[in-house]
Each structure stands twice: as C-alpha cells, then as structure tokens.
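A.B. asks: Top line first, the protein sequences correspond to chains A and B. For the first sequence, the residue numbers in our numbering are 1 to 418. For the second sequence, the residue numbers in our numbering are 419 to 836.
To be clear, the hints were calculated from the coordinates, so they are not data collected in a lab. Since the model is a prediction, treat every value here as computed from it, not as a measurement. Using N, Cα and C, we set each Cβ at its ideal position, and we do this for glycine too. Certain hints may be false.
Estimated spans, in silico, between C-beta atoms of each pair [what the hints assert, rightly or not]: (1) D332(A) to R522(B): 54 to 64 Å; (2) G237(A) to G798(B): 40 to 50 Å; (3) D316(A) to E605(B): 38 to 48 Å; (4) E401(A) to K772(B): 20 to 30 Å; (5) K354(A) to D734(B): 51 to 61 Å; (6) S420(B) to P105(A): 44 to 54 Å; (7) E615(B) to E308(A): 12 to 22 Å; (8) D703(B) to Q103(A): 24 to 34 Å; (9) P105(A) to K743(B): 32 to 42 Å; (10) V99(A) to R522(B): 21 to 31 Å; (11) G256(A) to E726(B): 54 to 64 Å; (12) E478(B) to E308(A): 53 to 63 Å.
Anything over 12 Å on all C-beta distances counts as not near chain A; from chain B, calculated [to be verified]: (13) Q449; (14) T475; (15) G480; (16) K608; (17) D618; (18) R712; (19) A720; (20) T789; (21) A801.
2 protein chains.
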Amino acid sequence: MSVNEIILNMAQAARAAAREVGRCSGQVKDQVLTDIAALLKEESGFLYAENAKDLETAREKGLSPAMIDRLTIKESTIESMAQGLLEVAAMPDPIGSMVRMWQRPNGLSVGKMRIPLGVVCMIYESRPNVTIDAAGLCLKAGNAVVLRGGSEAIHSNKALGQVIAKALAKNGLPETVVQLVPVTDREAVKELLKQEEYIDLVIPRGGEGLIRFVVANSSIPVLKHYKGVCHAYVDQGADLDMAVHICQNSKVQRPGVCNALETLLVHEAEAQAFLPKVAAVLQNDGVEFRGCPRTCEILKNAVPAREEDWPAEFLDLILAVKVVKDMDEAMDHIAKYGSLHTETIITNDYGHAKRFCREVDASAVMVNASTRFNDGGQLGLGAEIGISTSKLHAFGPMGVEELTATKFVVEGQGQVRS
Amino acid sequence: MSVNEIILNMAQAARAAAREVGRCSGQVKDQVLTDIAALLKEESGFLYAENAKDLETAREKGLSPAMIDRLTIKESTIESMAQGLLEVAAMPDPIGSMVRMWQRPNGLSVGKMRIPLGVVCMIYESRPNVTIDAAGLCLKAGNAVVLRGGSEAIHSNKALGQVIAKALAKNGLPETVVQLVPVTDREAVKELLKQEEYIDLVIPRGGEGLIRFVVANSSIPVLKHYKGVCHAYVDQGADLDMAVHICQNSKVQRPGVCNALETLLVHEAEAQAFLPKVAAVLQNDGVEFRGCPRTCEILKNAVPAREEDWPAEFLDLILAVKVVKDMDEAMDHIAKYGSLHTETIITNDYGHAKRFCREVDASAVMVNASTRFNDGGQLGLGAEIGISTSKLHAFGPMGVEELTATKFVVEGQGQVRS
Numbered sequence: 001m002s003v004n005e006i007i008l009n010m011a012q013a014a015r016a017a018a019r020e021v022g023r024c025s026g027q028v029k030d031q032v033l034t035d036i037a038a039l040l041k042e043e044s045g046f047l048y049a050e051n052a053k054d055l056e057t058a059r060e061k062g063l064s065p066a067m068i069d070r071l072t073i074k075e076s077t078i079e080s081m082a083q084g085l086l087e088v089a090a091m092p093d094p095i096g097s098m099v100r101m102w103q104r105p106n107g108l109s110v111g112k113m114r115i116p117l118g119v120v121c122m123i124y125e126s127r128p129n130v131t132i133d134a135a136g137l138c139l140k141a142g143n144a145v146v147l148r149g150g151s152e153a154i155h156s157n158k159a160l161g162q163v164i165a166k167a168l169a170k171n172g173l174p175e176t177v178v179q180l181v182p183v184t185d186r187e188a189v190k191e192l193l194k195q196e197e198y199i200d201l202v203i204p205r206g207g208e209g210l211i212r213f214v215v216a217n218s219s220i221p222v223l224k225h226y227k228g229v230c231h232a233y234v235d236q237g238a239d240l241d242m243a244v245h246i247c248q249n250s251k252v253q254r255p256g257v258c259n260a261l262e263t264l265l266v267h268e269a270e271a272q273a274f275l276p277k278v279a280a281v282l283q284n285d286g287v288e289f290r291g292c293p294r295t296c297e298i299l300k301n302a303v304p305a306r307e308e309d310w311p312a313e314f315l316d317l318i319l320a321v322k323v324v325k326d327m328d329e330a331m332d333h334i335a336k337y338g339s340l341h342t343e344t345i346i347t348n349d350y351g352h353a354k355r356f357c358r359e360v361d362a363s364a365v366m367v368n369a370s371t372r373f374n375d376g377g378q379l380g381l382g383a384e385i386g387i388s389t390s391k392l393h394a395f396g397p398m399g400v401e402e403l404t405a406t407k408f409v410v411e412g413q414g415q416v417r418s
Numbered sequence: 419m420s421v422n423e424i425i426l427n428m429a430q431a432a433r434a435a436a437r438e439v440g441r442c443s444g445q446v447k448d449q450v451l452t453d454i455a456a457l458l459k460e461e462s463g464f465l466y467a468e469n470a471k472d473l474e475t476a477r478e479k480g481l482s483p484a485m486i487d488r489l490t491i492k493e494s495t496i497e498s499m500a501q502g503l504l505e506v507a508a509m510p511d512p513i514g515s516m517v518r519m520w521q522r523p524n525g526l527s528v529g530k531m532r533i534p535l536g537v538v539c540m541i542y543e544s545r546p547n548v549t550i551d552a553a554g555l556c557l558k559a560g561n562a563v564v565l566r567g568g569s570e571a572i573h574s575n576k577a578l579g580q581v582i583a584k585a586l587a588k589n590g591l592p593e594t595v596v597q598l599v600p601v602t603d604r605e606a607v608k609e610l611l612k613q614e615e616y617i618d619l620v621i622p623r624g625g626e627g628l629i630r631f632v633v634a635n636s637s638i639p640v641l642k643h644y645k646g647v648c649h650a651y652v653d654q655g656a657d658l659d660m661a662v663h664i665c666q667n668s669k670v671q672r673p674g675v676c677n678a679l680e681t682l683l684v685h686e687a688e689a690q691a692f693l694p695k696v697a698a699v700l701q702n703d704g705v706e707f708r709g710c711p712r713t714c715e716i717l718k719n720a721v722p723a724r725e726e727d728w729p730a731e732f733l734d735l736i737l738a739v740k741v742v743k744d745m746d747e748a749m750d751h752i753a754k755y756g757s758l759h760t761e762t763i764i765t766n767d768y769g770h771a772k773r774f775c776r777e778v779d780a781s782a783v784m785v786n787a788s789t790r791f792n793d794g795g796q797l798g799l800g801a802e803i804g805i806s807t808s809k810l811h812a813f814g815p816m817g818v819e820e821l822t823a824t825k826f827v828v829e830g831q832g833q834v835r836s
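Model the full structure from these sequences, guided by the hints.
C.D. replies: Here you go:
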C-alpha cells in the first residue's frame, strides 16, 4: 500500500470508530484507561526492549544526552504514564452532560449537551509518553485519535500502541479508536493534513518549525501555540520581596518551557530599589540581564538589550529588562511584543490589578503569582494535551473539556414554529 | 492604492481598533448600538437614495424579483434592523464576565474571563441588513469587524457603513471598529483571507459556492455551514397527528431555508397508517414525495427516490421519504446522509428519545418539535450571525457569546510553583 492509501484507510477507520467510542459509556472508557495503566506495567519488559531499539538508533545518530533522556522509557516513565491515566479515569465523564438547560416561552426545553469532537490527530515529536497522554485524554472525551509521533521514537510508540489496542479490544471497542501512524516522514504528515473529511482537529506539539509546517499544510482546523514570550510587570508600590520571589520562580525554576519568564518590566519609581535586589538573586542563579538604557544605568553588569531581545523566547537563563513610566507603558509593551501566552503583574493596587486582568491579551493573566502556573494540572483542569495561544475553540491549557464540543438538545411536546 | 494595500491597511486598522473596543465599557457599546438604531431612521432618506442605485443596477442586470426584494431597503427593513440593534443593546455585556471561578489548594483563585475574539471578518451576499446585524453583534462582543458585502449591494452597504461610523465617532470610538470593504471582487476576498496576522475569524454567509471558495482560500479559521439536510424520524408508537403537524411545519413553513425538513424516515410499523395521513396534508401544500420502494407501495402517487435524493438539500417543496425497520436504521441513515445541522424524532418512547438525543450527530437534536426551531432567536440566544455545522468553537446558532473567547485569570498572594 502507498502512504496515501495507508493514511486514507486510517482516517476512514478513525471516523467509523469515532461513532462507537462517542456513544460508549463512561464506565467502559474508564475501564480501558485503567487497563492500559495495568498493561503498561505488565508489559514493561516488552516496552523496554522496543524502546532500546530507538535508543540505539539515537546513539548512532549522535543525539544529545538531553534528547536521549527525553526518549528513554524507564520505570519512573511507566509509573507516571500509568498514574496520569488513572487520574483521567477518575475524572467525571464530560460526554452527555448538559451544560445548562432553559425553558422557552412556548414550553420547549433547550439545553447544550457536551459531545466528542470526533476524530483528533496529534502530531508530535520525541517523547513517547505523549502517545499515552494524548490517547488517554482523547479517549476520555469520546474521540477517536490518530497519533503520529516522531521517527526517533517509532519503535517505542508502536509498542505503546499495541498495549492500547489490547486494552481497547478487551473492552469490546475497535482497536481503530487509537491508531498509530507507522510512517514517520513529512509526506505522511502532509497526507494526514488533507483528510478534512475524516479528521476534525489537528494538534501539533513540538518545535515552532513543526507547528508552522502543520499550519501551512492543513485544511483541517489546528489548535496550536507557537511560543511563549511571558512578561512580569512590577508595579509602583508592589511588595518587592514577593516580586523577587515570583521573578525567580518564573525565570529559573524551568527556563526551557513556554510559561517561563522572558521579559521583566519595572515601574520607574521602583527601579532603583528593585533592580539591584532582583539582580542579586537571579544573577546568582546564572541569569544574564539584557537591559534598556535606564536598566543598564542602574545595573552596571547588564548587557544592553537589542531590539530583537524584546520579542525573543530565550528558553534559557537570559532575561530582558525594561523600565517603564507606568502600567500603560507596560501594557503597550506587552501588546506589542507578547505572544498571548502568560502575563503577570506584581501589585498592591486594586484598580491596577483589575485593569491588568481585563485589558491584557493572554491565555492566562496572573496577579501576584508565578507565570509557571499556566499549566492544566496547576490550574486544576487535570492533565493537558497542550496550551493554545489562538482564541478559537480553546485559549490556554487544553484538558479533556477542550477536546469536546456541545450540541443543542430541544425537547418538545409537538411545538411548531409560527 | 492597490487592492492589496487597501486590504492590508484595513486589516491593520481593525487590529488596532480591536484593542480599543475590546476594553470599552458595555455602556458605551450599548449607546453606539442605540445611536445606530436612531440614525437609521433619521437618515432613511439617504439610505433609500443609495439603495435605489443598487436597485437600478439590479434591474438593468435583470435580477429576479425575489433577489430584488431581498436587496430592497424599505421602511420595514429599517424598522427591523433598528429593532434588532435595540434587542442586542438590551442584552447583558458578555465581556469581562467570569464564567466560573475556583480555588486551588495553594490559595490561588482561578477563573475564566470572557473576552472578545479580536477581529472578525464577515463575507456575505446580497441582503444589506446583514451589514447592520453583523456589525451590531460583533460590536456587542467587543470585536472589530471587517465587512465585505456583495457587489449588488455596494451603495447600500457603504451608506449603512457611514451611519455606523457616525455613531462610533459620536461615542469616542474609532470609526475603524466597523469597516466596509469598498472593493467587491473575488481578489479582494482572497487578500482578506491572507490577513491571518490581523484577522482572527472569518464567517462566510451565502451560497455553498461562496463558502467553499472562502474555506479553500483562507489561512484564517472559518466558521461555516455548508448545507442543512434535515431529517424527521417518526418512531413506532408516535402520536401521528403530532407527527403530521411537525412534518408540515418543518417542510412547508419556509422551504428555502437550511433548517427546513428534507427527508422523512418512518418506522415500518407506522408506515401504513402514517404515510397516507402525512401525504394528504403535505401534497395539499404542493409537496412532491420521493419515496423508497416501500413508500411507493403505500403512496401510489409518490415518485421513486433515486440515490441522489438522500443527501439532497432540496430547499423546495420536495420531500424524500424512507421506511425503516427501527430507530437504529434511521440513525444509520442520518449518520450517512445528514449534514450535522438539525434532526428531529417524533416519539413517545422515553429510551428512544434519550438515545436519539445522545447519539445523533447534529448541531441541534429535537424531540417532538419542528426542525425550524434551530435558530438563535427561537432557541433564546438573541440574534444570530449564522449557524455553524463544524464543531470547533461553535456548533449550531452563533449569537453574541459565540463571538467571544475566554482567558484564564489567576489571582494570588505571591504563590510560586514548587
């Protein structure tokens, strides 16, 4: 079979499977999730053996130790995948629940019922645990899913796919509810992105290059985020110790992730007191400061910032710093350079907190809290399948609910329209 | 200026205006809506004169009387546009409201705040009242909007655009909150559909050809519906008089619209009693029956249905009719030929009503009610900007709320992530 035929067959099978998983009970779906969790442990020997093949190729190709670490399935990886599945199983079933219900003057009851999206396609790189996380969330939401992982994890992903298929079959669901694409070249991705008749949503997860490729080639709606250029604004009158603590956590706790702090904005009335304070702590953690001219006057060891530092997602121990004359200038800066991801204000001013929340355009706006909280688990959504920085359908962390839609249900006693 | 420059300038101006209208108060937005309603009446002489130019061109081109009627601005058109605006103004402001709020164990308050989408682009044909309806709904939801109406209504639309601009300016908002594209060829549409940096959502409204053109050429998310192939299923044991009444209303009340009935499915146990009953009433209304072989045995004057009648959106006094052996066969038929628009069951069986609601895939599923109720006004959403048959972001009638998104708002007292 050609790649085109393989992909078309998978997409059609997914559409057919979507109808079955869409109407099956929450009990069955939760049993599948629980069974996958158990099978991951029972079949760990098989998983380690298949994973070893990927690790060998990775070493031959000279992948970095960090990459190889992300690729490795160890006992703790299996433990955390299984734990995640059990947490998703423990959540209430969203499907079939009525979001709200109201009466019309003519006696009709009108409500919105939560329903699956249908067929979801995940396109991702490297980490094999995404295979389990994505399958679990999509299944809970009653969707069929087509998974296309990266070539470097193909053996691991296929092995995980077999474990999932076994759990589906055991519970009387078609194995095509979760399918793993066996071809890993970009042509296969392009073919997937043409199946708008059978696939309802594409979620790419990986580097900006992968995401831009998917957006450029897809005729199917895409939920995506490109990058996180997150700001903290330290307001006049803010608690400066709290501000240092939040900046340190936002910047240093895990600098390589999308909700890490990239730019610090400081009210001019606090700059003289605050900048040396925050620099002492963060420079001790190895952070390089790239400052505006006023910052560099105060912090003699700061590097002068260039224009390209303001829109930069450093993903590293680098912080751009700018002194602003007021909150409006800070919000203008964020509107110009922000990426709609996460923005935080450190303030004691009630009116400023309200205005910042209302007016700043980002998937999560924080007051006196670390940017690192923009995460499905931290915000209480349970597991997440990604963070959307586009506003259509979902904006921010996407959990189970974001993998559903609603339909109108209208219950009458013979009403007609006049 | 070239078309490209005109469109780029408009898109950039809309993005800038979106920030201003997005943060302005509900009071100001409602005043703009009220002022437009008043100005429509005050400037009716100007509107009739500009509309007359379009009508003259339409007559020269030999447009049908039905088309010319849709194009005409009369006193009742102005009255109904003004009334619609006042109804939207009377609705609560969705922007800034918290959808819900919860506490995290670490004391963070997390909520979802309703926000505007940003910039909406409407692409539509013929009826000038869409200009006012779309502008009103987008404005209420805090969005900037770029309107591109058809060439046949260009003078009317420009005149309406001037009225809107006057009301915006009077209330201190930029006139660029609502912009009318002055060029009406398809090249201008193609240019609009490339502005993904500045436009967040495209809503096409018109024939299937226009919608397919927009989908094929857009790099911006599109909310659309292609067609409505709506079914009624008459279950075993249904109240047959009610079923006749519902079928008549669904099919005959306004046959040319997307929520009109196109196919009737009848349980075999009721066919002998029901089909002559429904045929007597609907054939009296001029409806042609196209039946499956079993239907044609019972109704001697029915035309035998061909395969292409099952997926057809007749938009006319034609009804496809099929006898089925049970509800499962009816649901299979709907899954195969339906368009995810509106489906209704006429039944007295509680379990069947529940299963039909749960399992049928459509933006609105009805029990013992006319398909004609799938409409924003009828379902209690207020005015609608269209009906979506795709599940991403909105599914079914789209009112003000469907023109918004939500962002996370996180209020802390210095929390950091551990």
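A.B. asks: Now, for every hint given, state plainly whether the structure supports it.
C.D. replies: Status of the hints after comparison with the structure:
1. D332(A) to R522(B): 54 to 64 Å: Violated, since D332(A) and R522(B) (Cβ atoms, about 31 Å apart) do not stay within the stated range.
2. G237(A) to G798(B): 40 to 50 Å: 46 Å Cβ-Cβ, so the 40 to 50 Å window holds.
3. D316(A) to E605(B): 38 to 48 Å: holds (45 Å)
4. E401(A) to K772(B): 20 to 30 Å: holds (22 Å)
5. K354(A) to D734(B): 51 to 61 Å: With Cβ atoms ~55 Å apart, the hint holds.
6. S420(B) to P105(A): 44 to 54 Å: Check passed, 53 Å falls within 44 to 54 Å.
7. E615(B) to E308(A): 12 to 22 Å: holds (19 Å)
8. D703(B) to Q103(A): 24 to 34 Å: holds (31 Å)
9. P105(A) to K743(B): 32 to 42 Å: holds (38 Å)
10. V99(A) to R522(B): 21 to 31 Å: holds (23 Å)
11. G256(A) to E726(B): 54 to 64 Å: holds (57 Å)
12. E478(B) to E308(A): 53 to 63 Å: holds (57 Å)
13. Q449: Fine: 20 Å to the nearest Cβ keeps Q449(B) off the interface.
14. T475: holds (35 Å)
15. G480: holds (34 Å)
16. K608: K608(B) is indeed farther than 12 Å from all Cβ atoms of chain A, at 16 Å.
17. D618: Label violated. Min Cβ-Cβ 6 Å, cutoff 12 Å.
18. R712: holds (26 Å)
19. A720: holds (24 Å)
20. T789: Check fails; 9 Å does not lie beyond 12 Å.
21. A801: holds (16 Å)
Consistency with the previously given hints fails for numbers 1, 17, 20, ordered from lowest to highest.
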